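Chains as they are written, first to last, in the numbering used here: chain A, 181 to 402; chain B, 181 to 402; chain C, 181 to 402; chain D, 181 to 402.
Hints may be right or wrong, so weigh each one.
Since the list gives no way to pick one copy over another, a pair counts as held whenever it fits inside one copy or between any two copies.
Claimed, not checked - Derived DMTMM-like pairs (lysine to aspartate or glutamate); straight-line CA-CA distance at most 25 Å:
no.	residue 1	residue 2
1	182	248
2	389	210
3	387	248
4	349	282
5	182	214
6	291	195
7	387	293
8	291	200
Read the hints as simulated data drawn from the structure, not as lab findings. Note that the structure is a prediction, hence the values are computed from the model and not measured.
There are 4 protein chains.
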Amino acid sequence: MKAPVILINLKAYRESIGHDAQRIAVAAEEVGKDAGVTMCIAPMFMDIHPMRHHYDLEVFSQHVDPVDPGAYTGRISARALKIAGATGSLVNHSEYRQTIADIEHCVNALKTEKLTSVVCSNNVATSAALAVLGPDYIAIEPPELIGGSVSVSQANPAIITDSVEAVRKVRDDVRLLTGAGINSGQCVRTALDLGTDGVLLASNVVKAKDPEAALRNLVSLL
Amino acid sequence: MKAPVILINLKAYRESIGHDAQRIAVAAEEVGKDAGVTMCIAPMFMDIHPMRHHYDLEVFSQHVDPVDPGAYTGRISARALKIAGATGSLVNHSEYRQTIADIEHCVNALKTEKLTSVVCSNNVATSAALAVLGPDYIAIEPPELIGGSVSVSQANPAIITDSVEAVRKVRDDVRLLTGAGINSGQCVRTALDLGTDGVLLASNVVKAKDPEAALRNLVSLL
Amino acid sequence: MKAPVILINLKAYRESIGHDAQRIAVAAEEVGKDAGVTMCIAPMFMDIHPMRHHYDLEVFSQHVDPVDPGAYTGRISARALKIAGATGSLVNHSEYRQTIADIEHCVNALKTEKLTSVVCSNNVATSAALAVLGPDYIAIEPPELIGGSVSVSQANPAIITDSVEAVRKVRDDVRLLTGAGINSGQCVRTALDLGTDGVLLASNVVKAKDPEAALRNLVSLL
Amino acid sequence: MKAPVILINLKAYRESIGHDAQRIAVAAEEVGKDAGVTMCIAPMFMDIHPMRHHYDLEVFSQHVDPVDPGAYTGRISARALKIAGATGSLVNHSEYRQTIADIEHCVNALKTEKLTSVVCSNNVATSAALAVLGPDYIAIEPPELIGGSVSVSQANPAIITDSVEAVRKVRDDVRLLTGAGINSGQCVRTALDLGTDGVLLASNVVKAKDPEAALRNLVSLL
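Bound conformation, chain A alone (with noise of 0.2 Å):
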């Protein structure tokens, strides 16, 4: 994916939900094509066959499941995820964490798929450890400050450029996003200026009261 990438992770707010959804869907197309930006939306996995055949956008899963294709009721496989349509997954958001064994089958399955692999990260001595994995992408989210106000560009841009840094040295061939309270087109800029590719975000954009005008916000300073 080319960068400047935004990717908007829905969760399971009940603002994501069918055509709450699609509402969002609509304004990442737009926004996205408008600003040139690489728009990435993960909705529920019910939502991803409808999303990538309505909509021009990369769609991604919230979560794969460390598993081939067998006898796993209410698990999710790579494979599955692929023929649903789905162009990449998140492993190990902080809000679905997994083991280290599991993250290692994940990226590798989702590689066999050609599926693009964003893996998150909660500091900089994971984000080092998750990038000799060798996903795409590492994504940053310092638990603190999901779901808030304050960006983690704003709160602690050190924790960006350390894990640029750190990921750099063990792979150049994986890139990072900025994750963690993304508010702002100055959020998007910094993230940016720091060396990573893009954002990752979700509240700021799903609960917004105009998802349109909040992600012409996020890409005002591209």
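We have chain A; now place chains B, C and D onto it with these hints.
Below, chains B, C and D alone, put in the same frame as chain A:
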């Protein structure tokens, strides 16, 4: 749902993804109509909406998370299942065990959404305990028989009759399904004769070379 | 165990490690004798053996794993607890929730070893469901009150009386303990008056400047 | 710890409880002294204190929880392990997998307490990823060989040499142990020759009729 009930859990099998899942749904719809059976299918999350849209079947989720809509990445609320078109959900499948606090939350959330709850249990004692929570159905699946070719009604009919009796003692409005190893018309017949409303099964239909023939065999003694 | 029962959960508090834990045990033993109360203490695993050896107290494990002796790293079987000198174990504490299949395994394993089982529940419905499994005690702890300064008997006595009634309906040999926020002699008095055998508490003794005074206060209205 | 290192994981085996565990400790202490080997034992939590008190052995916990002292029922902090007398802890054993955020927390907490961390990995990629977190040791245990009679050095020596190389590339201060299926002096010899500092093993000592003879065999080619 009117007895007899046949609930096909598609799990995460290779044969349950995308078009292959449709093949099973087509067969289920047809056999269900011919035999006057309440046919239910539990596909992966991504197939809940299309299956409900295209087939005259009860469509179950394989799992529901114990969350109300909110900031939960990769989790599925009962509300989201309802909007996607599900008519019910499995809860606490042996391949996705849940805590008792979470099961209680899920049973109530499904009730609020008027979705049918099928809570899986592993023996007589847990069947009775779970019945206290007031789900629509308890599905008894002795773990040692799951995925095998010997059905519970052949191997250990006492576990069914004892469960029926134990459940009746705590609640008389909770119905039961017989699970694990169901593979023939005789299994289904016995499940009904022992006092349960039907069967929960997976591999013996999903992995059958001819799912329709497998389903016709299952309803052959009704 | 003879009522009234006071069960002190030491958790993993700084004040519960090593010599500090002994300080609480000394106080518990003395106050228990003076007041004619069955005093129980639930230390960390490492202190089970020395506490049983040095004090005249019922010694509970804070947790037991649903395993028979075998190849399980970091897990503790009921058998191992017995050999270490425990007289019982908490099961399914709200800070260590377990699946219903695992709770049933633990209750049975504790029974086999003649250890007292105290299964924690979070509301009326789960109290009754867990009672079906036949533990020695159900300890009701509404999660929203745990660790606070308002006790369940003040905030919501109905949850206790309703639980007692609901449990009685399914089993008349399962006793109850009142938990969450217990902080005074009045709380303990009310717990007994509402039909439970005693209380389960933690911070209000463990983090007290003077644990003995805190304990003397708890038994002051017996 | 000085190489060669032999770390015996007692797991939750019947042969590892109470007096039986002491029998293995006695043998380990004696063989360790005779052979000039750093002998380590990882008993159940309850035996950490007595083992450290009675034997001249490095005493490891089988697990540590990612918590600082606080309101955590049934959990064990690094601080509590230190006070109990442990000299180190296993982290992320294949029978007790942990998330990467939790592993990082544990490695740091053990470091703060000056306890030796041995983080288990399952393949080359996870070995390198975990090394980034800076534990004292990485113990490589291919899951498919654990508990078997074929050692990793016989079945797949490349996984060891590749892990040594991959770990060296990210950190040169992290040492390695070879695990899974270790059963003879040749296995230990090979583990050292391939560049690791020693071995992590369990059943082949714990379940041996004569643990001392098993241990003497292990050190026979040093």
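Status of each hint after checking the structure:
no.	hint	in the structure
1	182 x 248	neither (29 Å within a copy, 35 Å between copies)
2	389 x 210	within (17 Å within a copy, 46 Å between copies)
3	387 x 248	between (35 Å within a copy, 16 Å between copies)
4	349 x 282	both (24 Å within a copy, 23 Å between copies)
5	182 x 214	within (15 Å within a copy, 54 Å between copies)
6	291 x 195	between (31 Å within a copy, 22 Å between copies)
7	387 x 293	between (32 Å within a copy, 23 Å between copies)
8	291 x 200	between (31 Å within a copy, 23 Å between copies)
Against the hints set out earlier in the document, a violation occurs for number 1 only.
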